[in-house]
Each structure stands twice: as C-alpha cells, then as structure tokens.
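Trainee: So the sequence shown is residues 1 to 185, counted in our numbering.
The set of hints was computed from the structure by calculation and includes no laboratory data. Among the clues, some could well be false.
[To be verified] Simulated restraints on C-beta separations:
| # | residue 1 | residue 2 | range |
| --- | --- | --- | --- |
| 1 | Pro44 | Pro124 | 25 to 31 Å |
| 2 | Thr146 | Asp91 | 15 to 21 Å |
| 3 | Pro124 | Ala57 | 23 to 29 Å |
| 4 | Pro124 | Asp150 | 34 to 40 Å |
| 5 | Ala160 | Leu116 | 20 to 26 Å |
| 6 | Gly130 | Ala160 | 27 to 33 Å |
| 7 | Thr14 | Gly158 | 22 to 28 Å |
| 8 | Arg50 | Ala113 | 32 to 38 Å |
| 9 | Gly175 | Pro124 | 23 to 29 Å |
| 10 | Gln165 | Pro45 | 34 to 40 Å |
[Claimed, not checked] Listed next, the in silico SDA-like pairs over lysine to any residue satisfying Cα-Cα at most 20 Å (straight line):
| # | residue 1 | residue 2 |
| --- | --- | --- |
| 11 | Lys143 | Arg22 |
| 12 | Lys143 | Ala160 |
| 13 | Lys79 | Arg50 |
| 14 | Lys87 | Ala159 |
| 15 | Lys79 | Val115 |
| 16 | Lys143 | Arg123 |
| 17 | Lys87 | Leu64 |
| 18 | Lys79 | Arg123 |
| 19 | Lys87 | Asp52 |
| 20 | Lys143 | Ala156 |
| 21 | Lys143 | Ser12 |
| 22 | Lys143 | Thr62 |
| 23 | Lys87 | Ser42 |
| 24 | Lys87 | Pro45 |
| 25 | Lys87 | Ile58 |
| 26 | Lys87 | Phe139 |
| 27 | Lys79 | Arg22 |
| 28 | Lys79 | Asp52 |
| 29 | Lys87 | Asp144 |
| 30 | Lys87 | Arg123 |
Beta carbons are placed, not taken as given, at the ideal position from N, Cα and C, and that holds for glycine.
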Amino acid sequence: MATVLSVSGSPSATSRTARLLRHLDDRLTAQGHEVIPLDARSLPPEALLRADFSHPAIVEATALFERADGVVIGTPVYKAAYSGLLKSLLDLLPQYALAGKTVLPLATGGSTAHVLAIDYALRPVLSSLGAAHITPGWFTLDKDITAGDDGTLTVAPGAAEPLVQVIDQFSLALGGRPALLAATA
C-alpha cells in the first residue's frame, strides 16, 4: 500500500486539528497504508522563521515529503486562512515537493464562515507545489471534535460520516481499494 505523510499545521500542543489527524491516521493504517505523522510545531522555530533549508530537522521533514505517496495536510483556520506555522513549513519545501502525490486538505475552525479557507487559501498553495491530485477536502467545526482526558477522540455524528468519506476517497486515490473494502466489511 501507500506511504502517507500526515501533517498537522497547528501550533497548539492541545490541538484538535492534530488529534483529529491522528484519529484519521488510524483509519488509513487499518486500510493498509503506512502513515507517518508530522507535527509542524515539533520543528525548530528558529529554522522555520529563518528559512534555514539546511537545518537537519528541515532536511528530515523534506525527506518525509519526498518519501510519501500521499500527504494529508491538516490546519486550524485563523483569520480565514491556514496557520502561519504551516505556511512556514510549506515555504521551506522544494518548489515541486508535492509532484506526483495525492493530497488531502483538512481544516478545523470555530465558524462555518471559514469553510472556504481550504479552497481559496490552502488548495492554491498545494497546487503550486505540484500536487498531482488534490482530493476533496473537509472542514470540521471545533465544536464537533471532543478530546477526552484519556486521549480518546469523538467526532460528532454529523461530521464523522463526511470525514470517513473523504478519507476513503483519499485512500482510493492512493490505490487502496482492496484494503478499503476489507476495512469497511
């Protein structure tokens, strides 16, 4: 199956975005994909802010993008756009870092007023990085994501089903049909 890089662009240590991504990673893993999580907040701030392309952590992150067949990009929405942290990371990638890759954009936010941030802010950047195929993304309201003290995550039923659908579409685009059928049987 495919190798998937699951990137959280949230700067928060208690991020609903990152928790949602890790929850969705489990579904992709169950479908037979190798999933590699990457939290942009774990990268050295000085390397991101100073655009230090040669910093070992940036070189390693770039290598993860190169290795991946598909990339899930998750971000909280601030001021109708993806996070500045994610922007800093994407700016350090080579011009065509997503060439030949299937990409799934996901976003979280406090208001449906930001639902178009995926299509008007994030999708053009992913396209400019050469993504071969950008699958339909999904925006999830913060209120629909509940994180338990024990690390569990619950997604409200109205949001859970569409998320499963976009993850499954992404998996199919990666060539995951046999594993997808087995995971849903």
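Trainee: Work down the list of hints and note, for each, if the structure agrees.
Mentor: Against the structure, the hints come out as follows:
1. For Pro44 paired with Pro124, a C-beta distance near 27 Å keeps the hint of 25 to 31 Å intact.
2. In this structure, Thr146 and Asp91 break the distance hint of 15 to 21 Å, their C-beta atoms being roughly 33 Å apart.
3. The hint said 23 to 29 Å for the Cβ distance between Pro124 and Ala57, and at roughly 27 Å that hint holds.
4. Between Pro124 and Asp150 the CB atoms are about 39 Å apart, so this pair conforms to the stated range of 34 to 40 Å.
5. With their beta carbons about 22 Å apart, Ala160 and Leu116 fall inside the hinted range of 20 to 26 Å.
6. A hinted range of 27 to 33 Å holds for the C-beta pair Gly130 and Ala160, which are about 32 Å apart.
7. About 23 Å separates the C-beta atoms of Thr14 and Gly158, a value consistent with the hinted range of 22 to 28 Å.
8. Range check, Arg50 to Ala113: Cβ separation about 34 Å, and the 32 to 38 Å hint holds.
9. At roughly 26 Å, the beta carbons of Gly175 and Pro124 sit within the given window of 23 to 29 Å.
10. In this structure the hint that Gln165 and Pro45 lie 34 to 40 Å apart at CB holds, the actual value being about 36 Å.
11. At most 20 Å may separate the alpha-carbon atoms for a hinted pair to count; Lys143 and Arg22 meet this at roughly 18 Å.
12. Using a Cα cut-off of 20 Å, the hinted pair Lys143 and Ala160 holds, with the two alpha carbons roughly 12 Å apart.
13. About 23 Å separates the Cα atoms of Lys79 and Arg50, which puts this hinted pair outside 20 Å; it is violated.
14. A C-alpha spacing of about 26 Å is found between Lys87 and Ala159, which places the hinted pair above 20 Å, so the restraint is violated.
15. Restraint check for Lys79 and Val115: the C-alpha separation of about 12 Å stays at or below 20 Å, so the hint holds.
16. Distance restraint check for Lys143 and Arg123: the Cα-Cα separation of roughly 24 Å exceeds the 20 Å cut-off, and the hinted pair is therefore not satisfied.
17. A threshold of 20 Å between alpha carbons decides the hint, and for Lys87 with Leu64 the separation of about 17 Å falls inside it, so the pair holds.
18. Taken as a hint, the Lys79 and Arg123 pair is honoured in the structure, with Cα atoms around 16 Å apart against an allowance of 20 Å.
19. For the proposed pair Lys87 and Asp52, the alpha carbon gap of about 14 Å is at most 20 Å, so the pair holds.
20. A C-alpha spacing of about 8 Å is found between Lys143 and Ala156, which places the hinted pair at or below 20 Å, so the restraint holds.
21. Restraint check: the Cα-Cα separation between Lys143 and Ser12 comes to about 17 Å, which is no more than 20 Å; the hinted pair holds.
22. Proximity of Lys143 to Thr62 is assessed by CA-CA distance (about 33 Å); at most 20 Å being required, the pair is judged violated.
23. Distance hint between Lys87 and Ser42 is fulfilled; the C-alpha atoms sit about 15 Å from each other, no more than 20 Å.
24. At most 20 Å may separate the alpha-carbon atoms for a hinted pair to count; Lys87 and Pro45 meet this at roughly 13 Å.
25. For a cut-off of 20 Å, the pair hint linking Lys87 to Ile58 stands: about 14 Å separates their Cα positions.
26. Only pairs whose Cα atoms come within 20 Å are accepted, and Lys87 paired with Phe139 is accepted, the gap being roughly 18 Å.
27. The hinted pair formed by Lys79 and Arg22 fails the criterion: a straight-line CA distance of about 24 Å is larger than 20 Å.
28. Proximity of Lys79 to Asp52 is assessed by CA-CA distance (about 27 Å); at most 20 Å being required, the pair is judged violated.
29. Among the hinted pairs, Lys87 with Asp144 is inconsistent with the structure: their alpha-carbon atoms are about 25 Å apart, more than 20 Å.
30. The hinted pair formed by Lys87 and Arg123 meets the criterion: a straight-line CA distance of about 12 Å does not exceed 20 Å.
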